[in-house]
Amino acid sequence: MTVTLVNETVQPDEHRGSAQSKRSRRSGSIVSTYSIWKWLTVIAGIVIALAMLLPVLWMAFTAFKPETDIVTYPPTLWPREVTFENFAEVWERIPFAQLYLNTIIFAGSVTLISLLFDSMAAYALARLEFRGSGVVLVLILLLLMIPFQVTLIPLYDMLNGIGLTNTLPGLIIPRMTNAFGIFFLRQFFLSLPRDLEEAARVDGASEWRIYWGVIMPLAKPALLTLGLFHFQYNWNDLLWPLIMSADVESATLPAGLALFMGQHVVEYGLLMAGALLALLPVIVFFLVIQRSFVAGIATTGLK
Amino acid sequence: MTTLESTRLSETVRASRRRGRFARKQELTAWLFLAPAIVILTAFMLYPMVQAAYLSLTDYNLIRAAEWVGFDNYIELLQDPAFWNAFWNTVLYAVVVTPITVGLSLALALFLNRQFVGRAFVRTAIFLPFIVSLGIIAIAWTFLLDPNIGLLSYWLAQIGVVTEQGLLSDPNTAMGAVMFVGVWKFVGFYMVMYLAGLQSIPEELYEAARLDGAGAWQRFRNVTLPLLSNQTLLVSVLALIATLQAFDQIYVMTRGGPFFKTETIVMLIYREGFQELRFGYGAAISIVLLIFVFLLSMIQYGYFRRKQVRY
Amino acid sequence: MQQHRSSTRRRARRRLAVVPAALAVAALALAGCAGQGKSSAEEADPNAKVTLDFWNGFTGPDGPALEQVVSDFNASQDRITVKTNIMPWDTLYQKVLTAVAGKNGPDIVAMSASRLPQYASEGLFQPVDDYYENADYESDALTPAAAEASVFDGKNYGVPVNLATMLMYYNKDLFTAAGLDPEAPPKTWDEFAAMVPKLTVDEDGDGKPEQYAIALADHETVPMYPTFLWNTGGGIVDEDGEKSLLDTPETLEALNFWVDLVREKNASPVGLAGADADKLFQTGKAAIEIVGPWMTTGFDEAGLNYGLAPAFAGPTDSVTLADVVSMSVPANADATTKEAAYEFFAYWNSKEGQITWANGSGFPPTRSDVAADITESPYPAIFGASDVTSNARVLMPGVAAGGTIMENVFTPALQKALNGEGSVDDLFTEASKQAQAELDK
Chain P
1 MTVTLVNETV QPDEHRGSAQ SKRSRRSGSI VSTYSIWKWL TVIAGIVIAL AMLLPVLWMA
61 FTAFKPETDI VTYPPTLWPR EVTFENFAEV WERIPFAQLY LNTIIFAGSV TLISLLFDSM
121 AAYALARLEF RGSGVVLVLI LLLLMIPFQV TLIPLYDMLN GIGLTNTLPG LIIPRMTNAF
181 GIFFLRQFFL SLPRDLEEAA RVDGASEWRI YWGVIMPLAK PALLTLGLFH FQYNWNDLLW
241 PLIMSADVES ATLPAGLALF MGQHVVEYGL LMAGALLALL PVIVFFLVIQ RSFVAGIATT
301 GLK
Chain L
1 MTTLESTRLS ETVRASRRRG RFARKQELTA WLFLAPAIVI LTAFMLYPMV QAAYLSLTDY
61 NLIRAAEWVG FDNYIELLQD PAFWNAFWNT VLYAVVVTPI TVGLSLALAL FLNRQFVGRA
121 FVRTAIFLPF IVSLGIIAIA WTFLLDPNIG LLSYWLAQIG VVTEQGLLSD PNTAMGAVMF
181 VGVWKFVGFY MVMYLAGLQS IPEELYEAAR LDGAGAWQRF RNVTLPLLSN QTLLVSVLAL
241 IATLQAFDQI YVMTRGGPFF KTETIVMLIY REGFQELRFG YGAAISIVLL IFVFLLSMIQ
301 YGYFRRKQVR Y
Chain B
1 MQQHRSSTRR RARRRLAVVP AALAVAALAL AGCAGQGKSS AEEADPNAKV TLDFWNGFTG
61 PDGPALEQVV SDFNASQDRI TVKTNIMPWD TLYQKVLTAV AGKNGPDIVA MSASRLPQYA
121 SEGLFQPVDD YYENADYESD ALTPAAAEAS VFDGKNYGVP VNLATMLMYY NKDLFTAAGL
181 DPEAPPKTWD EFAAMVPKLT VDEDGDGKPE QYAIALADHE TVPMYPTFLW NTGGGIVDED
241 GEKSLLDTPE TLEALNFWVD LVREKNASPV GLAGADADKL FQTGKAAIEI VGPWMTTGFD
301 EAGLNYGLAP AFAGPTDSVT LADVVSMSVP ANADATTKEA AYEFFAYWNS KEGQITWANG
361 SGFPPTRSDV AADITESPYP AIFGASDVTS NARVLMPGVA AGGTIMENVF TPALQKALNG
421 EGSVDDLFTE ASKQAQAELD K
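Which chain is which? The protein sequence lines are P, L and B, in order.
At the far end of the first sequence sits residue 303, using the working numbering, and the numbering has no gaps.
At the far end of the second sequence sits residue 311, using the working numbering, and the numbering has no gaps.
At the far end of the third sequence sits residue 441, using the working numbering, and the numbering has no gaps.
Some hints here could point you the wrong way.
[Claimed, not checked] Heads up, incomplete: computed chain B residues facing chain P, CB under 10 Å, no partners named: (1) ASP53; (2) ASP62; (3) GLY63; (4) PRO88; (5) GLU183; (6) ASN305; (7) LEU308.
[To be verified] Keeping only pairs whose Cα atoms sit at most 30 Å apart, straight-line, the calculated DSS-like set for lysine-lysine is: (8) LYS25(L) - LYS38(P); (9) LYS49(B) - LYS243(B); (10) LYS220(P) - LYS25(L); (11) LYS285(B) - LYS265(B); (12) LYS220(P) - LYS185(L); (13) LYS285(B) - LYS198(B).
Think of the hints as simulated: they come from the structure by calculation, not from any bench.
Just so it is clear, CB atoms sit at the ideal spot from N, CA and C, and this is done for glycine as well.
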């Protein structure tokens with residue numbers, strides 16, 4: 001990322017306007033209108049992207065700043081002096097590797113199991129006819145609307161009663177399916193074409209085969225999107241893992257990072273360095289999905 | 001004639017029986033598919049919710065034993081100015097943020113469905129806010145928006161725009177600022193839902209529309225929009241529910257302040273339940289919220305369902 | 001208490017007979033609870049090995065200092081092991097409530113002394129008066145403000161973890177630049193008010209100063225404005241915690257003085273959170289901040305040329321704030337646990353423990369007889385000097401509604417006044433009624 005790019009976020013409106021008009025004036029006579037539009041698209045895209053990215057960029061650059069450079073006037077985005085000390089200290093101060101592993105186990109298993117159960121339920125609701133489907137759907141929508149803050153105490157009470165608090169299963173089991181995920185996938189399953197599935201049914205395929213062999217491959221982009229949703233949600237969740245685990249060592253990354261938000265003093269450099277490291281797997285996950293979109297759009301997309 | 005009729009009759013009977021057996025089998029299969037989800041949701045969501053509903057009829061404070069108080073909590077909240085303040089803040093938040101999020105995410109999805117250099121980068125950039133932890137990013141925003149030493153206000157000052165007071169602490173702008181962060185955070189996610197939907201629209205439909213002489217707007221109006229109606233239903237129902245439950249960025253950025261200007265219903269539930277130790281009262285508020293969200297979503301769902309049928 | 005709670009729940013659940021599943025799970029829950037029951041009637045076993053779960057909110061740089069004292073204690077004997085569980089205060093309060101509701105709580109909880117009475121009044125903690133009666137624990141050496149902060153309803157529910165006093169930090173370079181004597185910080189409100197026109201600087205004349213005389217936070221902060229009320233003889237509530245003082249002439253005098261200074265003379269920006277105020281002083285954009293010892297490290301590292309002095313006095317006195325964190329024992333802890341916790345409390349507040357703590361954290365020690373042994377930095381001695389600690393007061397100690405009044409009544413009214421949404425007199429006369437209603441609950 002260069003400084004010029006960064007500067008474009010500075011004054012989105014001002015800058016974008018002038019950049020665009022300069023562009024169009026310069027190239028208008030030589031290049032076709034089509035090409036101008038194309039360039040405008042690219043410029044608009046980059047300006048939007050940088051405006052969206054500003055806080056994330058700030059976070060990333062701050063991770064490389066010495067603590068005293070962070071709170072200094074005038075503020076800068078780019079570090080005046082680059083340091084890697086924050087990263088080293090993160091490893092010293094919290095059991096980072098252990099927390100990373102805990103988080104991967106927690107977020108990973110919740111994501112996989114939840115995708116399976118969500119999609120099974122969504123398949124029944126979108127593709128199978130049965131009495132009471134309307135009621136089930138409405139109930140699931142209703143569950144979607146329950147604020148988490150209210151069920152927390154009764155839920156903890158119950159898990160504690162059956163001895164699941166401070167255990168990994170206790171952390172994972174209540175999250176193994178999700179009303180949001182079911183509703184999300186149902187809507188996507190509804191928009192899938194029915195011909196393939198009908199053909200399979202005529203061939204005498206079982207519903208499980210249709211679900212697993214026909215619907216699931218077709219729904220790959222939706223599944224990946226939902227997977228990312230589940231993954232990031234659990235990856236970033238602070239309260240639930242902290243409440244369900246006995247100590248910081250058995251909790252997840254956000255609990256570790258919270259230790260840098262001091263009671264009186266926030267250690268910005270450490271916090272941002274830790275947050276940046278914590279962000280990497282989620283970005284990798286997103287880039288994987290991004291590839292599947294490109295593939296999908298290349299074949300059926302609208303241009 | 002009678003024989004003909006009777007054979008016809010028996011055929012229909014047999015056919016319907018066959019259909020019946022098929023339907024019964026499918027019914028059983030359906031419940032088997034639903035079983036894991038239903039068991040988990042009942043045990044870990046519905047049951048705690050029923051518990052909370054019961055606690056809303058008590059004065060439970062998380063420490064002492066709960067005493068039955070009947071509908072006292074509900075009667076109290078209807079007269080509680082704090083409740084009505086939170087209620088109207090929530091409605092305002094939902095009414096502004098839901099349409100903006102839905103519209104913007106559709107616009108961005110259409111924009112990013114075009115081919116251009118750097119598209120993958122732009123998509124990633126728009127999506128990134130969604131995957132970053134809100135607790136961390138709230139610190140970044142507070143830093144950037146600080147009126148005296150923040151980067152954004154510094155840049156704005158360079159071009160002559162003076163931010164008098166912090167956007168998050170000025171009572172006139174605080175709600176706008178949390179709304180902005182709410183849109184910023186979630187627009188990328190809804191955009192991806194639309195993108196996934198756009199892929200399932202066959203190119204032939206656009207070709208056919210083009211052959212019929214449809215312009216870009218007509219193609220959008222008559223092909224894209226109707227075929228995205230499942231996504232639109234999904235996105236708008238989810239966005240509405242999410243905005244009516246707005247909590248996270250408000251909790252980390254303003255705590256509902258200044259003087260309750262940004263306190264939403266879920267913030268109030270949290271404050272009553274965990275700070276004032278009035279869990280029973282907080283539960284009562286949440287039941288009212290639940291009923292409210294449910295009614296609104298059903299109206300919205302019904303509206304979109306009807307629209308869906310048209311196409 | 002547990003029995004009582006279970007039976008009420010069961011009774012109420014019968015009325016709710018619509019949910020048979022609830023009964024099954026409830027039975028399980030009850031069985032689970034019964035296994036964990038601890039009877040406080042039993043005798044303490046002085047030889048039993050004990051592990052104490054110690055929850056606290058000492059995140060940030062204070063965490064390692066706290067861990068150091070704990071591991072010293074664990075190494076000093078082989079019977080008791082203290083396990084720390086550090087998390088942000090917010091999360092701690094929520095986790096404590098969740099865990100206590102599930103009878104699965106910690107053995108020692110640290111909590112702000114201003115938050116403690118609310119929990120004590122609900123019976124979450126047991127009194128620790130016998131700790132103070134036992135001469136072996138040397139509690140007489142403790143700074144009185146720290147030890148008395150946790151008294152609620154005549155009983156003491158906690159033992160101090162730390163005591164933070166507030167001093168005035170002033171930026172000497174900014175004083176010099178303003179033509180003021182850098183060795184003569186303001187001693188009274190009036191001296192300060194006279195300096196404001198020099199220390200608040202608006203060079204480009206856009207109406208927004210580039211530099212402020214003082215950084216005063218009005219929310220999410222150690223209380224800054226409330227201490228000014230003491231300096232005119234006012235306050236938020238009276239000493240017994242029974243009567244609101246928000247509408248008294250003294251209180252209104254103080255509030256009018258400060259709101260006027262901030263609004264009309266731009267003495268401080270409006271709407272600062274505690275962290276914003278720290279940043280403002282650290283970047284040299286505010287000449288004065290009144291805050292605790294934790295900022296010395298950051299300001300030193302930033303190379304600020306600052307001085308420390310007692311905060312300027314008001315018309316009546318110069319009392320400042322003492323911020324105390326206490327540790328308590330939950331009501332359901334048994335005698336053995338409680339006795340072991342006392343051993344830890346005593347070690348924490350021993351000379352050895354406090355020297356380690358003060359050296360590591362920069363906080364003043366909770367006892368005044370160790371100042372000479374603190375060698376790592378000069379600040380614990382400065383903030384812990386007896387004339388500072390004796391002049392420091394805890395905000396609304398022992399008032400169960402204190403937190404509620406602060407968060408829901410005082411802060412909103414102050415923010416309204418600072419934003420010009422009503423006059424101080426009207427806003428605080430109304431606020432006083434609300435505060436009184438909270439006190440009468």
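Okay, the hints, checked on the actual structure:
1. ASP53: Holds - the Cβ of ASP53(B) comes within 10 Å of chain P, reaching about 8 Å at its closest.
2. ASP62: 7 Å, holds
3. GLY63: Hint on GLY63(B): holds, closest Cβ of chain P at ~6 Å, below 10 Å.
4. PRO88: 5 Å, holds
5. GLU183: 25 Å, violated
6. ASN305: Violated, because the Cβ-Cβ distance from ASN305(B) to chain P comes to roughly 14 Å (cut-off 10 Å).
7. LEU308: Because about 16 Å separates LEU308(B) from the closest Cβ in chain P, which is outside the 10 Å limit, the hint is violated.
8. LYS25(L) - LYS38(P): 55 Å, violated
9. LYS49(B) - LYS243(B): 47 Å, violated
10. LYS220(P) - LYS25(L): 28 Å, holds
11. LYS285(B) - LYS265(B): Answer holds: LYS285(B) to LYS265(B) is near 16 Å, not above 30 Å.
12. LYS220(P) - LYS185(L): 24 Å, holds
13. LYS285(B) - LYS198(B): Measuring from Cα to Cα gives roughly 13 Å; hence the hint holds.
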